[in-house]
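Student: The primary structure of each chain is shown beneath.
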Amino acid sequence: MKMVHIIAAGLAALGLTATASALEGDAHAPEKREWIFSGPFGTYADGDHGERYQLQRGLQVYQEVCASCHSLDLISFRNLGQAAGPFWDERFENPNDNTVVMQIAANYQIWDGPNDDGDMFQRPGIPADYFPAPFENEQMARAANAGALPPDLSLIVKARSHGADYIYALLTGYGEAPEGTDLSPGQYYNEYFTGGAIAMAAPISFDGQVEYADGTEATVEQMAEDVTVFLAWASDPHMEARKSMGLMVLLYLFVFAILVYLAYRQVWANVEH
Amino acid sequence: MSGPSTYEPKSGFTRWLDDRLPIIRLGWDSFVDFPTPRNLNYWWTFGGILAVFLMIQIISGIILAMHYVPHESMAFDSVERIRRDVNFGWMIQSMHANGAAFFFVAVYLHMFRGLYYGSYKAPREILWILGVVIYLLMMATAFMGYVLPWGQMSYWGAMVITNLIGALPFVGDAIREWLWGGFSVGQATLNRFFSLHYLLPFVIAGVVGLHIWALHVPGNGNPVGLDVRKGDSGKKDTLPFHPYYTVKDGFAIIVYLMVFATFVFFMPNVLGHADNFIEANPLSTPAHIVPEWYFLPFYAILRAVTFDIGPIDAKLGGVLAMFGAIAILFVLPWLDTSRVRSMRYRPLTRWFFIFFVLACLGLGWCGAKNPDDLVFVMGHDAEGHEVGFKFLWFGQLLTLYYFAYFLVILPIMGIIEKPKERPASIEAAVLGTDKS
Amino acid sequence: MTEHNGAPDGHGQEPSRRDFIYIAAGGAAAVGGGLVAWPFVDQMNPAADTLALGSIRVDVSQVSAGSEITVMWRGAPVFIRHRTEEEIADARDVDLSALPDEDARNENAGMEGAPAYDANRVLRPEFLIVKGNCTHLGCVPTSQETSQGGEYEAWYCPCHGSHYDKSARIRRGPAPENLPVPDYFFESETVVKLGLSGEEAANSGWAVA
Numbered sequence: 067m068k069m070v071h072i073i074a075a076g077l078a079a080l081g082l083t084a085t086a087s088a089l090e091g092d093a094h095a096p097e098k099r100e101w102i103f104s105g106p107f108g109t110y111a112d113g114d115h116g117e118r119y120q121l122q123r124g125l126q127v128y129q130e131v132c133a134s135c136h137s138l139d140l141i142s143f144r145n146l147g148q149a150a151g152p153f154w155d156e157r158f159e160n161p162n163d164n165t166v167v168m169q170i171a172a173n174y175q176i177w178d179g180p181n182d183d184g185d186m187f188q189r190p191g192i193p194a195d196y197f198p199a200p201f202e203n204e205q206m207a208r209a210a211n212a213g214a215l216p217p218d219l220s221l222i223v224k225a226r227s228h229g230a231d232y233i234y235a236l237l238t239g240y241g242e243a244p245e246g247t248d249l250s251p252g253q254y255y256n257e258y259f260t261g262g263a264i265a266m267a268a269p270i271s272f273d274g275q276v277e278y279a280d281g282t283e284a285t286v287e288q289m290a291e292d293v294t295v296f297l298a299w300a301s302d303p304h305m306e307a308r309k310s311m312g313l314m315v316l317l318y319l320f321v322f323a324i325l326v327y328l329a330y331r332q333v334w335a336n337v338e339h
Numbered sequence: 041m042s043g044p045s046t047y048e049p050k051s052g053f054t055r056w057l058d059d060r061l062p063i064i065r066l067g068w069d070s071f072v073d074f075p076t077p078r079n080l081n082y083w084w085t086f087g088g089i090l091a092v093f094l095m096i097q098i099i100s101g102i103i104l105a106m107h108y109v110p111h112e113s114m115a116f117d118s119v120e121r122i123r124r125d126v127n128f129g130w131m132i133q134s135m136h137a138n139g140a141a142f143f144f145v146a147v148y149l150h151m152f153r154g155l156y157y158g159s160y161k162a163p164r165e166i167l168w169i170l171g172v173v174i175y176l177l178m179m180a181t182a183f184m185g186y187v188l189p190w191g192q193m194s195y196w197g198a199m200v201i202t203n204l205i206g207a208l209p210f211v212g213d214a215i216r217e218w219l220w221g222g223f224s225v226g227q228a229t230l231n232r233f234f235s236l237h238y239l240l241p242f243v244i245a246g247v248v249g250l251h252i253w254a255l256h257v258p259g260n261g262n263p264v265g266l267d268v269r270k271g272d273s274g275k276k277d278t279l280p281f282h283p284y285y286t287v288k289d290g291f292a293i294i295v296y297l298m299v300f301a302t303f304v305f306f307m308p309n310v311l312g313h314a315d316n317f318i319e320a321n322p323l324s325t326p327a328h329i330v331p332e333w334y335f336l337p338f339y340a341i342l343r344a345v346t347f348d349i350g351p352i353d354a355k356l357g358g359v360l361a362m363f364g365a366i367a368i369l370f371v372l373p374w375l376d377t378s379r380v381r382s383m384r385y386r387p388l389t390r391w392f393f394i395f396f397v398l399a400c401l402g403l404g405w406c407g408a409k410n411p412d413d414l415v416f417v418m419g420h421d422a423e424g425h426e427v428g429f430k431f432l433w434f435g436q437l438l439t440l441y442y443f444a445y446f447l448v449i450l451p452i453m454g455i456i457e458k459p460k461e462r463p464a465s466i467e468a469a470v471l472g473t474d475k476s
Numbered sequence: 003m004t005e006h007n008g009a010p011d012g013h014g015q016e017p018s019r020r021d022f023i024y025i026a027a028g029g030a031a032a033v034g035g036g037l038v039a040w041p042f043v044d045q046m047n048p049a050a051d052t053l054a055l056g057s058i059r060v061d062v063s064q065v066s067a068g069s070e071i072t073v074m075w076r077g078a079p080v081f082i083r084h085r086t087e088e089e090i091a092d093a094r095d096v097d098l099s100a101l102p103d104e105d106a107r108n109e110n111a112g113m114e115g116a117p118a119y120d121a122n123r124v125l126r127p128e129f130l131i132v133k134g135n136c137t138h139l140g141c142v143p144t145s146q147e148t149s150q151g152g153e154y155e156a157w158y159c160p161c162h163g164s165h166y167d168k169s170a171r172i173r174r175g176p177a178p179e180n181l182p183v184p185d186y187f188f189e190s191e192t193v194v195k196l197g198l199s200g201e202e203a204a205n206s207g208w209a210v211a
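Protein chains in written order, with the numbering used here: chain A, 67 to 339; chain B, 41 to 476; chain C, 3 to 211.
Hints in this document: simulated from the structure, not taken from any laboratory.
Please note: incorrect hints may appear among the correct ones.
[Said to hold, decoys possible] Keeping only pairs whose Cα atoms sit at most 20 Å apart, straight-line, the calculated SDA-like set for lysine to any residue is:
no.: 1; chain 1: B; residue 1: K275; chain 2: A; residue 2: G246
no.: 2; chain 1: C; residue 1: K195; chain 2: C; residue 2: G56
no.: 3; chain 1: C; residue 1: K195; chain 2: A; residue 2: R189
[What the hints assert, rightly or not] Take a look, some chain A residues computed to stay more than 10 Å from chain B by CB distance:
no.: 4; residue: C135
no.: 5; residue: I170
no.: 6; residue: P200
no.: 7; residue: T238
no.: 8; residue: A243
no.: 9; residue: I264
no.: 10; residue: F272
no.: 11; residue: L316
[As the list claims (entries may be wrong)] Footprint (simulated), chain A over chain B, 3 or more residues, beta carbon under 8 Å:
no.: 12; region: 114-125
no.: 13; region: 277-287
no.: 14; region: 296-307
Here the structure is a predicted model, which means the values were calculated and not measured.
C-beta atoms are modelled at their ideal positions from N, C-alpha and C, and glycine is treated no differently.
With the hints as constraints, model all of the structure from the sequences given.
Tutor: Right under this line is the structure:
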């Protein structure tokens, strides 16, 4: 049995190194927060009947604040109405028919074409369309942002160490640069950003920057949290299905393991080993 | 060890088939009435676990290939489409990515078991060598598979590993360009890696067939390392594989699958790297390029050689050390001079083995760290910077031990060590009748 | 020590209990195998992005009387023709016995096997909406308006010479069936929705004339 312990200890050490290697750069490590979606039972639902008000507010923050510079390439309007999405409504099994989603989509102008004259044209969006990007290409995005490229936000929570904790910390982490920090023009100090100098000005800077449709008070912290939850959903839209299915699978395997263990005991009952 | 077949076809059809293609007989003799030592412990269940994971990887991989697009501008998005739009795609993709990690965990435990119980010794040298071949094929497959999502780590991992080939004298550059199909990792590389990533698992399955064949000639080893006795007394040393070991393996497989499911459903990205959720960009390198965890020990050995050795420069030296670390496994059966298989009866070597396992884990730790990071701080220099024991030195020390274990310790210990007294037979070991 | 040479069955003091455990374990394996197979099968069904385009909305307000548009739906053409009064009259002035295919070929709920009167092929007489692949071998028929309409001045399939009339019914040539009417309804005065959910299909307004 000694070997069991040694290898178990070794595996634990490997786990430790994995977390240790995630702590990169000289940036301040973000504080670990408790999120609505944390833990094996966490979901995005916060309403009494499974509504997802926080996701809806987060979408509003994205639309009114982030979307002027950041694209959301992988998210389509229909995603907003799919199971566990911000506007999931069981009356509309096909999110394509979700009236709220259709309305949101129609508020966007989408490039299409060419038409019969060979010209590209704009039309109102439909649920199958994707969120249009604020800039046509990377070069245009850089030119409009003093050379910095605002990253696409579809996967941002997965694409950063510490995920949602990092995004929230970054959004609320702007401050005065300490003595001796080198900031070029167009750079701002954020202790959570690697190197401290970030080209994005504090995007959420004052209370009431967004007027929430549901009447929630729009403090800076509230807006930062809401948009982070929305971006977490955008990175991992099937999280709820994943967790609920995982619980069923583990439950099944647990029962199965007991049955097979009993069978094993019975098979070996008469054999010395 | 496999005596005369005990299979008796019962129906007309099976008799007819048995005369033409005795496939049921083969299955019966190999997996039902196969005489298996009665004292196998749970370390012997990893073979079955590996077979299950090879199946999981092949099935989930074939499915992913139905949706994946091997094109440099579409690969990343097509993987995201699998995760977002394909029915259960999120689950199948997570199974495949985490399945690779669990495949390696199982193969490492399987290999350490073989090292501890001397499973590589006569008459199982070919069995062991086939295992090392499988391991090499697994590494190639996993490496190419990791390139396919075409994230930043995929791209830069491929760049670093293929550049290793460039360290070879004279032919390095030509081979690297041939691997790339261009002047850098690009579309041609991605497309051929996809093709080979699809092919190699079937080659692995073939070699696994040989591995099982080579296993079934001498039969399983066992924790006491004794041969099954010849003749009728041999029956007292063994049990039929079914139901005794099918049910034991089955239980172990289910427990292992529970751990696997916990990762697949509750922490699908923990073993991955955040940078791989950023699409490959040849113009920007991630801050730290690290391979997947299962390559980290070899990565540490690669980086341990920082000095020129005669005409061999440091870069080539690192590459040779890394490949040598695997190549040495091929000759292991002839490096270990002891005639005692199981470490249970080798009081000294047993400790060297335990340190060997720790060294491998330590190398993995070094592989994950920056070589200039400190294992522990010993003080501060004049400018106030911390000084201490660098991971580079730690890695070099462990690399030295890794090679010394095979090249010095095993050959010498076999000659000077006095093994403990062993039981007379497997049966005696189980019943404890003559334990001294 | 000979008991290990046989299966463990038949030794028991409690045969029912030991049998139960083997059956339960075997049953659990079978159930698990069945459940795990479903995701691997279902992944080949149309994905969410494909399904999202399984129903589309078409604005027909710009299609003037006497003209038509072709829209792509589910990877194939659909003809939407705004018919004139004369065309409607022409399409309705046909005896059922003159038709090679007397079935309306209308895919809407409740229209199975309806007779091929023009009234059974349109929801609103002025808009004829049919799938645009010839029922012979799948070619796209040409239209009277843009090139060749065939003998009935409507649609003609150039591949093997099938003639369709102003209700897109087969009249002459090898095609066995009328051009099928997809499931659709008018979501508003000017918007046609192709591809209906179950509830929409029930309230789409289709009825056999």
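Student: So, for every hint listed, does it hold in this structure?
Tutor: For each hint, the structure was consulted:
{"no.": "1", "hint": "B/K275 / A/G246", "result": "violated (81 Å)"}
{"no.": "2", "hint": "C/K195 / C/G56", "result": "holds (11 Å)"}
{"no.": "3", "hint": "C/K195 / A/R189", "result": "holds (17 Å)"}
{"no.": "4", "hint": "C135", "result": "holds (17 Å)"}
{"no.": "5", "hint": "I170", "result": "holds (18 Å)"}
{"no.": "6", "hint": "P200", "result": "holds (18 Å)"}
{"no.": "7", "hint": "T238", "result": "holds (20 Å)"}
{"no.": "8", "hint": "A243", "result": "holds (22 Å)"}
{"no.": "9", "hint": "I264", "result": "holds (16 Å)"}
{"no.": "10", "hint": "F272", "result": "holds (31 Å)"}
{"no.": "11", "hint": "L316", "result": "violated (6 Å)"}
{"no.": "12", "hint": "114-125", "result": "holds (count 4)"}
{"no.": "13", "hint": "277-287", "result": "holds (count 4)"}
{"no.": "14", "hint": "296-307", "result": "holds (count 7)"}
Violated hints, listed in ascending order, are 1 and 11; each of the other numbered hints is respected by the structure.
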